[in-house]
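Model the placement of chain B on the given structure of chain A, informed by the hints.
2 protein chains.
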Amino acid sequence: MYAIGLDYGTNSCRSLIVNLETGIELGSTVFNYPSGELGILTDPADPNVARQNPQDYLDGLEAIITGAIQQAQSSNPDFDPTAVVGIGVDTTGSTPIPVDEAGTPLGLLPEFQHNLDAMVWLWKDHTGHAEAAEITALAEKMRPEFLAKCGGTYSSEWWWSKILRLKRNDPEIFEAAFSFVEHCDYLPAVLAGDTNPRTLKRGICAAGHKAMFCDEWGGLPDKEFLRALDPALADLRDRLYEKAWPASEKAGGLCKEWADKLGLPEGTAIAVGAFDAHMGAVGCGVKEGTLTKILGTSTCDITVAPDTRDLADIPGVCGIVDGSVLPGHFGIEAGQSAVGDIFLWFVHNLVPDSYGATADEKFISMEKELAALKPGETGLLALDWNNGNRTILVDVRLSGMLLGQTLHTKAHEIYRALIEATAFGALTIIKRIEEYGVEIVEVVNTGGLAVKNETLMQIYADIIGRPLKVAASDQTCALGAALFGATASGKISLSDAQSKVCKVRDRVYTPDAANQSVYADLYTLYRELHDAFGTPGWSGQVNNVMKDLIALRERQRKS
Amino acid sequence: MYAIGLDYGTNSCRSLIVNLETGIELGSTVFNYPSGELGILTDPADPNVARQNPQDYLDGLEAIITGAIQQAQSSNPDFDPTAVVGIGVDTTGSTPIPVDEAGTPLGLLPEFQHNLDAMVWLWKDHTGHAEAAEITALAEKMRPEFLAKCGGTYSSEWWWSKILRLKRNDPEIFEAAFSFVEHCDYLPAVLAGDTNPRTLKRGICAAGHKAMFCDEWGGLPDKEFLRALDPALADLRDRLYEKAWPASEKAGGLCKEWADKLGLPEGTAIAVGAFDAHMGAVGCGVKEGTLTKILGTSTCDITVAPDTRDLADIPGVCGIVDGSVLPGHFGIEAGQSAVGDIFLWFVHNLVPDSYGATADEKFISMEKELAALKPGETGLLALDWNNGNRTILVDVRLSGMLLGQTLHTKAHEIYRALIEATAFGALTIIKRIEEYGVEIVEVVNTGGLAVKNETLMQIYADIIGRPLKVAASDQTCALGAALFGATASGKISLSDAQSKVCKVRDRVYTPDAANQSVYADLYTLYRELHDAFGTPGWSGQVNNVMKDLIALRERQRKS
Chain A
325 MYAIGLDYGT NSCRSLIVNL ETGIELGSTV FNYPSGELGI LTDPADPNVA RQNPQDYLDG
385 LEAIITGAIQ QAQSSNPDFD PTAVVGIGVD TTGSTPIPVD EAGTPLGLLP EFQHNLDAMV
445 WLWKDHTGHA EAAEITALAE KMRPEFLAKC GGTYSSEWWW SKILRLKRND PEIFEAAFSF
505 VEHCDYLPAV LAGDTNPRTL KRGICAAGHK AMFCDEWGGL PDKEFLRALD PALADLRDRL
565 YEKAWPASEK AGGLCKEWAD KLGLPEGTAI AVGAFDAHMG AVGCGVKEGT LTKILGTSTC
625 DITVAPDTRD LADIPGVCGI VDGSVLPGHF GIEAGQSAVG DIFLWFVHNL VPDSYGATAD
685 EKFISMEKEL AALKPGETGL LALDWNNGNR TILVDVRLSG MLLGQTLHTK AHEIYRALIE
745 ATAFGALTII KRIEEYGVEI VEVVNTGGLA VKNETLMQIY ADIIGRPLKV AASDQTCALG
805 AALFGATASG KISLSDAQSK VCKVRDRVYT PDAANQSVYA DLYTLYRELH DAFGTPGWSG
865 QVNNVMKDLI ALRERQRKS
Chain B
325 MYAIGLDYGT NSCRSLIVNL ETGIELGSTV FNYPSGELGI LTDPADPNVA RQNPQDYLDG
385 LEAIITGAIQ QAQSSNPDFD PTAVVGIGVD TTGSTPIPVD EAGTPLGLLP EFQHNLDAMV
445 WLWKDHTGHA EAAEITALAE KMRPEFLAKC GGTYSSEWWW SKILRLKRND PEIFEAAFSF
505 VEHCDYLPAV LAGDTNPRTL KRGICAAGHK AMFCDEWGGL PDKEFLRALD PALADLRDRL
565 YEKAWPASEK AGGLCKEWAD KLGLPEGTAI AVGAFDAHMG AVGCGVKEGT LTKILGTSTC
625 DITVAPDTRD LADIPGVCGI VDGSVLPGHF GIEAGQSAVG DIFLWFVHNL VPDSYGATAD
685 EKFISMEKEL AALKPGETGL LALDWNNGNR TILVDVRLSG MLLGQTLHTK AHEIYRALIE
745 ATAFGALTII KRIEEYGVEI VEVVNTGGLA VKNETLMQIY ADIIGRPLKV AASDQTCALG
805 AALFGATASG KISLSDAQSK VCKVRDRVYT PDAANQSVYA DLYTLYRELH DAFGTPGWSG
865 QVNNVMKDLI ALRERQRKS
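Note that the protein sequences, when read in sequence, are chains A and B.
All residue numbers for the first sequence refer to the numbering used here, where the first residue is 325 and numbers rise by one.
All residue numbers for the second sequence refer to the numbering used here, where the first residue is 325 and numbers rise by one.
Warning: the hint list may mix true and false statements.
Which copy? The list can't say, so a pair holds if one copy fits it or any two copies do.
Derived BS3-like pairs (lysine-lysine); straight-line CA-CA distance at most 27 Å [unchecked claim]:
| no. | residue 1 | residue 2 |
| --- | --- | --- |
| 1 | Lys465 | Lys871 |
| 2 | Lys871 | Lys491 |
| 3 | Lys824 | Lys776 |
| 4 | Lys491 | Lys580 |
| 5 | Lys871 | Lys473 |
| 6 | Lys882 | Lys465 |
| 7 | Lys882 | Lys491 |
| 8 | Lys815 | Lys491 |
| 9 | Lys473 | Lys815 |
| 10 | Lys698 | Lys465 |
Since the hints were derived computationally from the structure, they do not count as laboratory data.
Just chain A, with the same shape it has in the complex (with noise of 0.2 Å):
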């Protein structure tokens, strides 16, 4: 028996299939989106807009899932594609598509070609933050409990911000639009072969987070709150949905159509889709006491806690859904919103040649130089902004901050400042999920840097103060979604799926006592300026931070 998991990311879509025996990985293919700079339409009047071009995902689907089964089929003669049993489908989130009443995409449509707002609206879109304001302005006066199972500010990132910012600011769009799609949502659909918005099914992933969707208050905001924020998006309330479905359940079985261009068997299960980091999270193996991470251009930080507990909600961590991530537990979800990003940025825009000819030889020689430094020795500390704070302060409006600079401060030391920052923003969310009473006492990470960088797996066990775990798999999103593929066929559960094909490395990244009491101190530091430039309302003093960097410095290059 094998599943196949299709894995949706930022910049590139990327498949599995999986033994679900041997958890043996037989084949994976990536694919690149093409429009735009690095998948993603930008504007440059705008730095807060992010779109993609559908048609990417469509020729991705095909390419990916064709491109794994010849791999499976050259690497293991016996392999035998009527043996796949499901297929499971994530992506990043909230990204909605607005499509017409056959569920097509606008910007598949030659007359919106050419329109931005006619594009997908990728998760790290924040044109909408000035309607998320609004909207959880209105939330708080007019319905508090929306707010609180988001962790008390409905996000920019978010569906309905998104859905009200294309009404306001570009409404012939809006009116071209029938309804909308989350992306997790519109793939398994295209792939079952009924696109219809009416119809289709929405997984409580995407709709419990991000569309404040709570069976407790009868599915997605009523209309009288969404008439408060606009009348059409009372209107558009009847062209959504009224139920949601867990990723356990098939979407539908694979259409004739897409049967014949993947070479798989019709009806082959459909799991409902949902984000990336959930299903990453089921293939990190994500239990009670464990949070996974995804360390990727963003973060996104999974735990669960059974759901026979009265777990109050948590101020700033933006999603706890019931049966979002494993079944009988909550899902509990917070991120940071730029973390690879960041250190993309810093390679791309600010490292000079001296440290080689391309980014990946700058990251390289980067990571051997600051590796041969102690925790206070660059003297810098930062803030982990560059793309807003997405728990805890739950702002977009912040930016990136770096202090503590000499005339001798080397690119190194910067990055390695970067890291830690990112580093200190994750201890900011464990610390803020533990004092409302869920224990964190390891994390299991996934993702290209979990991998790749050991010197930043160190930084980040010795600030984090917990044993840093690595997935053996290279592709947790993908393997996740593979069991959900599974599991929607019926044939095997998710727990038992879960415990034959997820793992984790040897290497366990311990915590150095030494130095996490030296990151104790700037921890100390990186939380004033936390609270005094994020916390509205804020006030107090911060003369000490450059005065007290300087004096660890000198402390710890003495040492």
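Then chain B, alone, in the frame of chain A:
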């Protein structure tokens, strides 16, 4: 009649021969200090260390004088070296040299050649910051009048901090030093052939600003005060000096040895030495209402006020000394610890080669790109404290800071933010001086940045809000030194010489009203950060800063 001016900078020294009737510059030669990194001896373990090799000064002395004479002769066959009436010298400071009883710098002696502490302690050496704090604290208690004259805080860049640091940190070298001589006093003594530290003529400029010398309290700080710091300093006082001289005085006549080396008449007047900025101010034509600004690796801002008025001490402005610049005037000295140094640090460490292969190419292409931006459009704000803050806060234990970076921030945008930060720092100084009743109606600039970087100059004009002029001479410090050389000969008065040779260029930078108004908003944010991070005891809010910058960025990008 001709005079020769010698200008000893941070990385090189240069000479100028000027015709005292016409102001025509006949010859000029530069000598780059061969030791260390761009002439600076550093210690990888401590970024505060900045020393120089005294041999570089002597090698340079011969090279630049003979070079300038050769040039003058080849460009002008009528030039006759015997028509040179005087030589003036300016240097950086406070740059003390430990010397033996004969006045030979310890760094020239074979036994100390490899000891950094025996070398020249360059102005920007900050190793004495703890000692500076100690001197400040003691003076507050015992001799508040000392502090009032130097801006309220004694700096680690100054004479006593460095000497006390040497005593504490390397007592053996301190013991080996019979006395200490400022760089600007040492070179005239060399040319005059008598380096005896007991008798060589010390300049009032260095003494008054940096060594707390004042006739009001009997010269150097009294022994009781020095003993409270360290008994060895009280003993040292007897081996220093009782009198200090203005630079319009003659330090001596050119000695035979150097007359022969240089091909100049024995006995040619050698003026008492002074700091580069003070002589540069004279070379720029400083007068009441005019601030002269040397825009170099750091800046030195000088203006004058009549010494007949009752000029209060100005908090945070380090040097108000009667006669230190023009006869009959208080010289008022302020400055920024790093300006060009910040740009050089940035271009050498953080600008990718996509901007160009060399630092010069990078600067040129960044300048082109940033010139197309409107104020506020980068969304960035920086503090200009990579080398501490010399005036207003008088605190070396501060650091650089950059705020507002996104995932799209480019190097040329940061360069613009750094330029703006240094201009905000410059404006802060002008505002402080004006608060104490000394009006500044125009700024006359000199230095490489003023001549070469038109974009920077316009940004400065828009931020400073006053017309900015550029001195005609490329060598205003050397020119000022030459004017003092001439004056020391007794053959021409300083004001006569100034009126004949000091000119400004045709291009005047006038503030643009629209830009000025945006910069007024940005300056408010700069002051918030300046006070929050730099002012002891400050308490308040800064959580508006990132949001205000983002709002301003959006407004400016759309405008």
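Comparing the hints with the structure gives:
1. In this assembly of identical chains, the alpha carbons of Lys465 and Lys871 lie at most 27 Å apart only when taken from different copies (24 Å versus 43 Å within one copy).
2. With identical chains, the CA atoms of Lys871 and Lys491 are at most 27 Å apart between copies only, with a shortest distance of 25 Å across copies and 49 Å within one.
3. Proximity of Lys824 and Lys776 under a CA criterion of 27 Å is satisfied intra-copy only: 25 Å inside one chain copy versus 69 Å between copies.
4. In this homomeric assembly, Lys491 and Lys580 never come within 27 Å of each other (Cα to Cα): the closest approach is 37 Å inside a single copy and 88 Å across copies.
5. Only between protomers do Lys871 and Lys473 lie at most 27 Å apart by alpha-carbon distance; the minimum there is 26 Å, versus 40 Å within a single protomer.
6. In this assembly of identical chains, the alpha carbons of Lys882 and Lys465 never lie at most 27 Å apart, being 56 Å within a copy and 32 Å across copies at closest.
7. In the homo-oligomer, the alpha carbons of Lys882 and Lys491 lie at most 27 Å apart only across protomers (20 Å), although the nearest pairing inside one protomer, at 59 Å, exceeds that limit.
8. Proximity of Lys815 and Lys491 under a CA criterion of 27 Å is satisfied in neither setting, with 44 Å inside one chain copy and 82 Å between copies.
9. Taking the closest pair of Cα atoms, Lys473 and Lys815 never come within 27 Å of each other, the shortest separation being 34 Å inside a single copy and 87 Å across copies.
10. Proximity of Lys698 to Lys465 under the C-alpha cut-off of 27 Å is found in neither arrangement, the shortest distances being 49 Å within a copy and 39 Å between copies.
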